[in-house]
Amino acid sequence: MARFHYSLQSILSIKEKMETQAKQEFSSAKGALDREEEKLAELKERKRAYEKQAAELLSGKLDVREIEENQTAILRMDSFIAEQNVRVRRAKKALEEARERLTEVMKERKTHESLKEKAFESFLQEENRQESKEIDELTSYTYGQRQVSK
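In full-length UniProt numbering, the protein residues as written are 1 to 150.
Don't read these hints as lab results, they were simulated from the structure. There could be a bad hint or two in this list.
[To be verified] Calculated pairs, EDC-like style, for lysine to aspartate or glutamate (alpha carbon to alpha carbon, straight line, at most 20 angstroms):
{"#": "1", "residue 1": "LYS30", "residue 2": "ASP136"}
{"#": "2", "residue 1": "LYS23", "residue 2": "ASP78"}
{"#": "3", "residue 1": "LYS92", "residue 2": "GLU25"}
{"#": "4", "residue 1": "LYS47", "residue 2": "GLU69"}
{"#": "5", "residue 1": "LYS107", "residue 2": "GLU19"}
{"#": "6", "residue 1": "LYS93", "residue 2": "GLU36"}
{"#": "7", "residue 1": "LYS47", "residue 2": "ASP78"}
{"#": "8", "residue 1": "LYS15", "residue 2": "ASP78"}
{"#": "9", "residue 1": "LYS93", "residue 2": "GLU104"}
[To be verified] Label pairs and their in silico Cβ distance ranges:
{"#": "10", "residue 1": "ASP78", "residue 2": "LYS30", "range": "55 to 61 angstroms"}
{"#": "11", "residue 1": "ILE81", "residue 2": "PHE4", "range": "57 to 63 angstroms"}
{"#": "12", "residue 1": "LYS107", "residue 2": "ALA55", "range": "52 to 58 angstroms"}
{"#": "13", "residue 1": "GLU100", "residue 2": "ARG48", "range": "50 to 56 angstroms"}
{"#": "14", "residue 1": "LEU124", "residue 2": "GLN145", "range": "38 to 44 angstroms"}
{"#": "15", "residue 1": "GLN24", "residue 2": "LYS44", "range": "17 to 23 angstroms"}
{"#": "16", "residue 1": "ASN85", "residue 2": "SER28", "range": "48 to 54 angstroms"}
Note that beta-carbon positions come from the ideal geometry of N, C-alpha and C, so glycine has one too.
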């Protein structure tokens with residue numbers, strides 16, 4: 001039996017490498033999004049702590065300077081949270097772009113794999129036809145030899 005050789009194997013290999021790279025990019029984008037969301041959660045937690053501190057400052061002996069510092073800190077936290085929300089949105093957009101790229105590359109790889117499978121099936125059918133032809137020739141030759149020898 002002859003050996004199967006797919007003529008577009010180099011392209012399929014490139015597509016597989018591109019898919020691996022796209023998976024790594026997606027993973028990296030997912031990690032970046034996770035880090036940004038974690039930072040946002042930490043900022044929100046710090047703001048809650050400042051708000052709790054503000055409530056405590058207002059309930060006890062009033063120290064105007066501490067209350068003003070606390071209010072300034074809360075406003076700064078609001079600003080940091082707004083900036084972090086922008087970073088989270090950017091990270092989500094980057095993740096979505098990486099997901100779309102990965103999906104596209106996977107489709108291309110699957111297309112080439114299906115082409116390879118079809119080429120292999122065609123190869124097997126041709127091999128079977130060739131084998132049948134050889135068997136028919138052998139049978140005809142054997143039958144012909146029997147007729148000659150009678």
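Cross-check of the supplied hints:
1. LYS30 with ASP136: violated (61 angstroms)
2. LYS23 with ASP78: Measuring from Cα to Cα gives roughly 35 angstroms; hence the hint is violated.
3. LYS92 with GLU25: Roughly 13 angstroms separates the two Cα atoms, so the pair holds.
4. LYS47 with GLU69: holds (13 angstroms)
5. LYS107 with GLU19: holds (10 angstroms)
6. LYS93 with GLU36: Measuring from Cα to Cα gives roughly 13 angstroms; hence the hint holds.
7. LYS47 with ASP78: holds (8 angstroms)
8. LYS15 with ASP78: Since the Cα atoms of LYS15 and ASP78 sit roughly 46 angstroms apart, the hinted pair is violated (cutoff 20 angstroms).
9. LYS93 with GLU104: holds (17 angstroms)
10. ASP78 with LYS30: 55 to 61 angstroms: violated (28 angstroms)
11. ILE81 with PHE4: 57 to 63 angstroms: Distance hint for ILE81, PHE4 holds at roughly 60 angstroms.
12. LYS107 with ALA55: 52 to 58 angstroms: holds (55 angstroms)
13. GLU100 with ARG48: 50 to 56 angstroms: violated (36 angstroms)
14. LEU124 with GLN145: 38 to 44 angstroms: Since LEU124 and GLN145 have Cβ atoms about 31 angstroms apart, the given range 38 to 44 angstroms is violated.
15. GLN24 with LYS44: 17 to 23 angstroms: violated (31 angstroms)
16. ASN85 with SER28: 48 to 54 angstroms: Between ASN85 and SER28, where Cβ atoms are some 21 angstroms apart, the hint is violated.
Going down the numbered hints, you'll see the structure goes against 1, 2, 8, 10, 13, 14, 15 and 16, while the others check out.
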